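Asks: The primary structure of each chain is shown beneath.
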Amino acid sequence: MKPRRLSLKGGVKQSAADGALFTQKNMNILMLGWELPPHNSGGLGVACYHLSKALARSGTTIDFVVPYDAEHPGIDFMNIHSATQIDPDFRYGLQAYDRDPTITKEFPDDSPINSMRAVQKKYVKYVEKLLDTVSPDVIHAHDWLTMEAGVRAKQISGAPLVVHVHATEFDRSGEQYGNPIVHEIEQEALLLADRIIAVSGITKSIIVHRYGIPADKVEVVHNAIDVSSFADYEYDMRTFKYLELLRSEGYTVAATVTRFTVQKGLTHFLRAAARASEKYDKLVYLFAGDGEQRDELIAMAAELGISDKVFFTGFVRGKQWRDAYSVADIFIMSSVSEPFGLTALEAAHHDSALIISRQSGVGEVLKHIFRYDFWDSDRLADQMIAIATSPSLASELTRGVKSEYARLTWDEVAVTCEQLYKRSMQGALV
Amino acid sequence: MSQPGIALYLHVHQPYRVRPYTVFDTADSHEYFSTTRDDASSNNEVIFKKVADKSYRPMNQLLEKLLSENDSFKLSLSITGTFLEQAEQWAPDVIASFQRIIATGRVEILAETYHHSLAFFYSLPEFERQVALHRKKIEAIFGVTPTVFRNTELAYNDQVGQWAEKAGYKGVLAEGWDTVLDWRSPNHIYRPPATNSIGLLLKNYQLSDDIAFRFSNQSWNEWPLTTDKYASWVENSFEKGPLVNLFMDYETFGEHQWADTGIFGFFDTFISDWASREDRQFYTVSDALSAFSPVAELTVPQTTTWADTERDLSAWTGNSMQREALRHLYALEHDILRTEDTALITDWRRLGASDAVYYMSTKWLDDGDVHAYFSPYDSPYDAFLYYINVIRDLRWRLMSNHGTGHLHG
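Line by line, the protein sequences give chains A and B.
Residues 8 to 437 (my numbering) make up the first sequence, in order.
Residues 1080 to 1488 (my numbering) make up the second sequence, in order.
Don't read these hints as lab results, they were simulated from the structure.
Note that the structure is predicted; figures quoted are calculated from it, not measured.
Be careful, since some hints might not be right.
Claimed, not checked - Computed, partial: chain B to chain A, Cβ under 7 Å: (1) VAL1102; (2) ASN1398; (3) MET1400; (4) PHE1463; (5) LEU1464; (6) ILE1467.
Said to hold, decoys possible - Here are the simulated DSS-like cross-link-like pairs (lysine-lysine), alpha carbons at most 25 Å apart as the crow flies: (7) A:LYS289 / A:LYS316; (8) A:LYS136 / A:LYS112; (9) B:LYS1216 / A:LYS409; (10) B:LYS1442 / A:LYS374; (11) A:LYS316 / A:LYS286; (12) A:LYS429 / A:LYS224.
All residues carry an ideal CB built from backbone N, CA and C; glycine is no exception.
Chain A with its partners taken away, still in its complex shape (with noise of 0.2 Å):
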């Protein structure tokens, strides 16, 4: 029961056809989103952002649409269209991540612009217009949000469209089943699509098995980091001013920086809390972001009795936000359903160890971390004293890490997307 290392590797194949993709004429991809920065609520404007930089720095044409109507400093590598005059600032309810009970299939043609369904419409309006200047190459649609815009492009263009999953349904609605129509969205645009971006293995599965879409259509293209856009930070130590005084005496700081709906599993986190308070008392716990659950974690944590262990910070950004990833000793993703988790990469950037649900994808490209099912609560608790107590643990865990995350970067990510453009243009399935 004590195999070692082979002394014998399998050589990695690398096939002539693969190379030979490269040497083609440069593409032009019209790109369908919902947000960029500095004008995202999550993950998804950041990894699109990221792409699209890799993608025109390797020579793509790039045509990016948004919802709205705003300055993107600092992008200059591509053509942003504005589908609608919105401002991106005030458009409450219409974030990619906001969820609107009231959405109906059809398009409402009496609805506010400041319905989700109202700016969706103008958005296929704008992009049908759009494809009277621009032919592209493929079309590249991220979420439902933008699926039935890519397929009406595909129909009037006759381009291939790749549909990016970056999030489906199940994910956002956690362990409900989420909104009928948006699945429908879903389903019509996963079927449509000449291939399939999922995010990680948890989503290409969610894809295959609760889409019923046959596997070879869809590849697994995890998100990378950019570490470059984390330069120019020093901690200083200043925001977070009570938790370094705890720290300096000896406790540990377990933090989340995410938003507080039910796909992120926090109620389950705050149990972990109260359950690891009964054997370890020098646990304290950040929770940085805000949400629909807020005041439900707050009277929760009251409830359990941790009340005076939980650091509620509110929304934030920029370096306050760099500053809940610095203050955390160990950043814990609880989500129910993550496709993958960009945050856990942004954490151990910052020097924390990692503990991660078995049902977000960045654990599928991370070894140095913990990892546990979100429900299991004594285990987490397990986990972090772990860490807590013991110093060997803790180095091992964010010096691991450390020397994996930055090997995932989007250069990769935006040769892997050239190979499949390449692939979907010539119609091959595989």
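Chain A is already provided as a structure; the job is to place chain B on it using the hints.
Replies: The following block gives chain B in isolation, referenced to the frame of chain A:
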């Protein structure tokens, strides 16, 4: 002049794996090594019974057959105390077949630590106690007393050789690693520095690993390995020296290399063919020490082992979790032994199995070679977590039952 020959040595071992033992078990449950979960990958009973079916039973049957059919077939075994305990509990027929094999008089048993520990490097007195415990166990079950020593994982340096001579052993085993041998061949007996009589036998890792690691590897350019081809390699090796030491895990047969790889048929044919040759021999390690004299002194200042490409202790002590775990374990030695609490002492010794820290190794995580090693746990970090929770429980038992020691963390 003695005839060229093969010294085959197989190492038999099963550790007591720590079950998924949580912080909520600490100070509550003192049962570390058994779990009621049938499917648990750390369920020692389930694992033992599985390996007994896949390896111990078919291989012992084959060994018995070969020994009865071929008078010249000989081999050596080392069998850990923790293996024997588990076999007594869950597969007594396996003990009986080993007894029959030893009773042929052509199978030698080597000395080692009872608990497959690295105690030599942490506490010499404890190491000596574990070697003595092992000797007693072997004498009780097999009625023989070992005269050649092998340290856990073939961990060897000059001090191990010198200790073994002082302890009265006539031979000691080590890895025939290139950095130690340089231009010299492993096919000779050597003498550790500052010793007079003890012989050092070195594993021919090339030929040993051809069977132990590469046999079923289809991307190996020599696959499939035939007995004729292998015999010709052994013949070629004799050009460098008359003694080819084939040292490997017993579980190579049926567990590391499954039956469907053809490993049993290969072994059967190779051994029978070799035994039928009049100009070639099988040697037990003691036979080899009588047949050949040391050709030179061999200095091994750095500890070598027979594990992975580094052939050092880094798989067990390479990261700080492993070092912390061992430090905490051995720090309890004095307090634990003083209690004379047999159950507590036994638990503590079982935790000293090198396997426990091996499961905490992170050295494979970065090179994508994770599937090449076995662990009952999801990750090295889980291995450490369960272990540390148990260490805390040992401290708790010391405090609450014996009023000694103190709790940390």
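Asks: For every hint, state whether the structure bears it out.
Replies: Each hint, compared with the structure:
| no. | hint | verdict |
| --- | --- | --- |
| 1 | VAL1102 | holds (5 Å) |
| 2 | ASN1398 | holds (5 Å) |
| 3 | MET1400 | holds (5 Å) |
| 4 | PHE1463 | holds (6 Å) |
| 5 | LEU1464 | holds (4 Å) |
| 6 | ILE1467 | holds (6 Å) |
| 7 | A:LYS289 / A:LYS316 | holds (9 Å) |
| 8 | A:LYS136 / A:LYS112 | holds (22 Å) |
| 9 | B:LYS1216 / A:LYS409 | violated (47 Å) |
| 10 | B:LYS1442 / A:LYS374 | holds (11 Å) |
| 11 | A:LYS316 / A:LYS286 | holds (14 Å) |
| 12 | A:LYS429 / A:LYS224 | holds (14 Å) |
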